[in-house]
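So the sequences go chain by chain: F and Z. Heads up, the first sequence is in numbering that gives the first Met the number 0, so the first residue is 0 and it goes up one at a time. Heads up, the second sequence is in numbering that gives the first Met the number 0, so the first residue is 0 and it goes up one at a time.
No lab work stands behind these hints: they were computed from the structure. Check each hint, because a few of them may be wrong.
Claimed, not checked - Think about it this way: if two alpha-carbon atoms lie no more than 25 Å apart in a straight line, the pair counts; the simulated PhoX-like pairs of lysine-lysine are:
#: 1; chain 1: Z; residue 1: K137; chain 2: F; residue 2: K66
#: 2; chain 1: Z; residue 1: K188; chain 2: Z; residue 2: K202
#: 3; chain 1: Z; residue 1: K7; chain 2: Z; residue 2: K66
#: 4; chain 1: F; residue 1: K7; chain 2: F; residue 2: K137
#: 5; chain 1: F; residue 1: K202; chain 2: F; residue 2: K188
#: 6; chain 1: Z; residue 1: K137; chain 2: Z; residue 2: K7
#: 7; chain 1: F; residue 1: K7; chain 2: F; residue 2: K66
#: 8; chain 1: F; residue 1: K7; chain 2: Z; residue 2: K137
#: 9; chain 1: F; residue 1: K66; chain 2: Z; residue 2: K202
Stated by the list, open to error - Stretch-level coverage of chain Z by chain F, calculated; a stretch enters the list once three of its residues show a Cβ under 8 Å from a Cβ in chain F:
#: 10; stretch: 140-153
#: 11; stretch: 185-191
#: 12; stretch: 259-267
No residue lacks a Cβ here, since even glycine has one placed at the ideal position from N, Cα and C.
Number of protein chains: 2
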Amino acid sequence: MSTSFVLKSSVRCFGGQQNQYEHYSDTLNCTMQFSVYLPPQSCVGTPVPAVYWLSGLTCNDQNFTTKAGAQRVAAELGIALIIPDTSPRGDQVPDDAEGAYDFGLGAGFYVNATEAPWSEHYRMYDYIVAELPALVEKELPVTQVRSISGHSMGGHGAIMIALRNAGRYQSVSAFSPIVNPSDCPWGQKAFSGYLGSHVESWKDYDSVELIRHGAAQIPLLVDQGLSDTFLSEQLKTSVLETVCQEMNFEAAIRYQDGYDHSYYFIASFIEEHLRFHAQHLFD
Amino acid sequence: MSTSFVLKSSVRCFGGQQNQYEHYSDTLNCTMQFSVYLPPQSCVGTPVPAVYWLSGLTCNDQNFTTKAGAQRVAAELGIALIIPDTSPRGDQVPDDAEGAYDFGLGAGFYVNATEAPWSEHYRMYDYIVAELPALVEKELPVTQVRSISGHSMGGHGAIMIALRNAGRYQSVSAFSPIVNPSDCPWGQKAFSGYLGSHVESWKDYDSVELIRHGAAQIPLLVDQGLSDTFLSEQLKTSVLETVCQEMNFEAAIRYQDGYDHSYYFIASFIEEHLRFHAQHLFD
Numbered sequence: 000m001s002t003s004f005v006l007k008s009s010v011r012c013f014g015g016q017q018n019q020y021e022h023y024s025d026t027l028n029c030t031m032q033f034s035v036y037l038p039p040q041s042c043v044g045t046p047v048p049a050v051y052w053l054s055g056l057t058c059n060d061q062n063f064t065t066k067a068g069a070q071r072v073a074a075e076l077g078i079a080l081i082i083p084d085t086s087p088r089g090d091q092v093p094d095d096a097e098g099a100y101d102f103g104l105g106a107g108f109y110v111n112a113t114e115a116p117w118s119e120h121y122r123m124y125d126y127i128v129a130e131l132p133a134l135v136e137k138e139l140p141v142t143q144v145r146s147i148s149g150h151s152m153g154g155h156g157a158i159m160i161a162l163r164n165a166g167r168y169q170s171v172s173a174f175s176p177i178v179n180p181s182d183c184p185w186g187q188k189a190f191s192g193y194l195g196s197h198v199e200s201w202k203d204y205d206s207v208e209l210i211r212h213g214a215a216q217i218p219l220l221v222d223q224g225l226s227d228t229f230l231s232e233q234l235k236t237s238v239l240e241t242v243c244q245e246m247n248f249e250a251a252i253r254y255q256d257g258y259d260h261s262y263y264f265i266a267s268f269i270e271e272h273l274r275f276h277a278q279h280l281f282d
Numbered sequence: 000m001s002t003s004f005v006l007k008s009s010v011r012c013f014g015g016q017q018n019q020y021e022h023y024s025d026t027l028n029c030t031m032q033f034s035v036y037l038p039p040q041s042c043v044g045t046p047v048p049a050v051y052w053l054s055g056l057t058c059n060d061q062n063f064t065t066k067a068g069a070q071r072v073a074a075e076l077g078i079a080l081i082i083p084d085t086s087p088r089g090d091q092v093p094d095d096a097e098g099a100y101d102f103g104l105g106a107g108f109y110v111n112a113t114e115a116p117w118s119e120h121y122r123m124y125d126y127i128v129a130e131l132p133a134l135v136e137k138e139l140p141v142t143q144v145r146s147i148s149g150h151s152m153g154g155h156g157a158i159m160i161a162l163r164n165a166g167r168y169q170s171v172s173a174f175s176p177i178v179n180p181s182d183c184p185w186g187q188k189a190f191s192g193y194l195g196s197h198v199e200s201w202k203d204y205d206s207v208e209l210i211r212h213g214a215a216q217i218p219l220l221v222d223q224g225l226s227d228t229f230l231s232e233q234l235k236t237s238v239l240e241t242v243c244q245e246m247n248f249e250a251a252i253r254y255q256d257g258y259d260h261s262y263y264f265i266a267s268f269i270e271e272h273l274r275f276h277a278q279h280l281f282d
C-alpha cells in the first residue's frame, strides 16, 4: 500500500491554480483522484476555507471542474473548492453487472456499504467526511472551516453529510438533490445494493428522514429546476419542503423556472451558492 | 439535398437559452451542427448583436459552449454567441490518412481548400464569413452587427477573417492565436494540404501577412499565456507584435503570466474579451 499524494496537473485559472491530485485511499482501498481549486490567496500561502463539491451520477472530479464556472467566484471570495470522485475506482473495484449508470462505478451514493461485494471499497461516506478533509487540510493551504454542496446524487450526499455532522460544516447547499432516496427508484436501487434490505438502516443516509428525526439546524440552500425531467419521480423536492415545515427546519428551497438537470443550471446559480457559503465560512 | 434547419437541443442558461442546431451546409456539402447562446433579451424577441467564436484544433461546437463560462457575461451584455464546428463533418468527408489531430476533421483552419480531395468540403472560410451568418441572421433574433473571436487555430481564423472583411465585423479578439501560419509547423502542414505548394496563396490566410500588406485597422485584442507550450514554435505572438508596430496597426497584445493553452485560460479572460467586443458592438 502506497501513501503517496501526487500532484497530477496544475493549471492557472483566475489567478489561482486548478489542480488534480492522486492518492491511495485507505478508506476505499483503491487509488483515487480528486481536483482542488486553490484561489490566489492560498497560492501565496494563506490558508483558506473550503467548499466540498459532491457530483452526481456518472461524474468524476472533472465535470464540476470544467463546466460549472465556479473558479471565478471562488477566486474573488478566497475559497478553495475540493472536488472528489463519486465512487471508488479501479479494476479491482466491483461494478454493476450490467454496467448500469446508477449503481457501482460513478454511483457510490456517499454511503458506507455493508453488503458484499461492495463493502470492501464503497465507503464514500467515510472518505468524504474524514479521510479526504484530513488529507487536504494536512497537505494543502486549506483550513478546517468547511461548507459542502453538490448536485443530484451529490446534493443528497451534501445535505445528508451536513445533517449528520453538526458543527463540521458551516453551511450546505444543493442543486437538484435526491432528498428522500429511501423513496425513489435511484435511491432504492442503490441502498438495496449497498445497504441491503434492512430499510431501517437506510434512514441514516436519507436527508428527509434525518430532518424528521430531529437533525440540528444548519444553513441550507436548495435550487431545483422546474424543467428537470427527474423532479417528480426521483428528486421530490416537495417532500423536503414539507418535512422542513413540519420540523421547523429553516431552509431556502427555490424553484427555478425553465432550468433542467444539467451543468448549465449549476453554472447559472453557482455564484449565488458560493456567496451563500462565504457568508457562513467567514462569519 | 435538404435545406433543413433543426433545433437539436435547448437548455436554459443564465436566463437565456443555450441551443444546438443542425443544418445542411451548401458550402461544405455536409450536415453541420453549431451552437448558439441566445441571451434573455433575444428570447423575448429583441434582436441582439453576435460574437462568433471559432474553436481550435480537435474541437467542435461543444468545447467553448460547456467550458468557457461565456454565457454569464453574454446574458448581462445582451450578446448572442455563435459557435460553429471547426471543420466539415460526416462519413463522406475525407480525413487525414493517419487520423492526425492537426489536419482533416476538427482541423479545417478556416480556409477554402483548393486541392483535391479537400476542396469539395473544406470551405470553412466561406462557411464562417457568409453561409453561417446569413442563416443565423435569417432564422434567429440576431442582428448583422458582428464581432469575432477564437482560440489557437480559431484565433488565427478570427483575426484573418476580420482583417479580410473590413466593415463586416466591429472588433476581433483571440486567445493564443496562430498568427503566422505560413511560418509554423501546424500552419505549413494545413496550408500545404488544403492550398497546395503555391505559397503565395497562403498569404491570403495569414494574419501577419495581411497586416504587412496593409489590412485596414479594426479593434484587436489578443491574450497569450506565457506558460503555453505552443508559444515559441507554433503561435509566435511576437511576430504579430512586430508587424503591428511596423505597420502602425493598433492592437492590444497582452501576455498573461502562468497561463497555458487550455480552456481555463479562456474562462479566466473571456469576460474581458466580451466587454471589449460590447464596446464596439453597441458603439
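The hints, checked one at a time:
Distance check on the hinted pair: K137 of chain Z and K66 of chain F sit about 31 Å apart at the alpha-carbon level, beyond 25 Å; violated. Our distance criterion of 25 Å between C-alpha atoms is met by K188 of chain Z and K202 of chain Z, whose separation comes to about 15 Å. The suggested pairing of K7 of chain Z with K66 of chain Z holds, with an alpha-carbon distance near 20 Å, which does not exceed 25 Å. The suggested pairing of K7 of chain F with K137 of chain F holds, with an alpha-carbon distance near 18 Å, which does not exceed 25 Å.
With a CA separation close to 15 Å, the supplied pair K202 of chain F and K188 of chain F stays within the 25 Å bound. With a C-alpha separation of about 18 Å, the suggested pair K137 of chain Z and K7 of chain Z falls inside the 25 Å cut-off, and the hint holds. Proposed proximity of K7 of chain F and K66 of chain F is supported: the alpha carbons are some 20 Å apart, at most 25 Å. This hinted pair does not check out: K7 of chain F and K137 of chain Z have alpha carbons roughly 48 Å apart, beyond 25 Å.
Under the criterion of a C-alpha separation no larger than 25 Å, the hint pairing K66 of chain F with K202 of chain Z is inconsistent with the structure, at around 38 Å. Residue count for the stretch 140-153 of chain Z with a Cβ under 8 Å from a Cβ of chain F: 0. That is fewer than the three needed, and the coverage hint is violated. Under the rule that three or more residues need a Cβ within less than 8 Å of chain F, the assignment of the stretch 185-191 of chain Z is violated, with 0 such residues. Coverage of the stretch 259-267 of chain Z by chain F holds [criterion: at least 3 residues with CB-CB distance below 8 Å; count 7].
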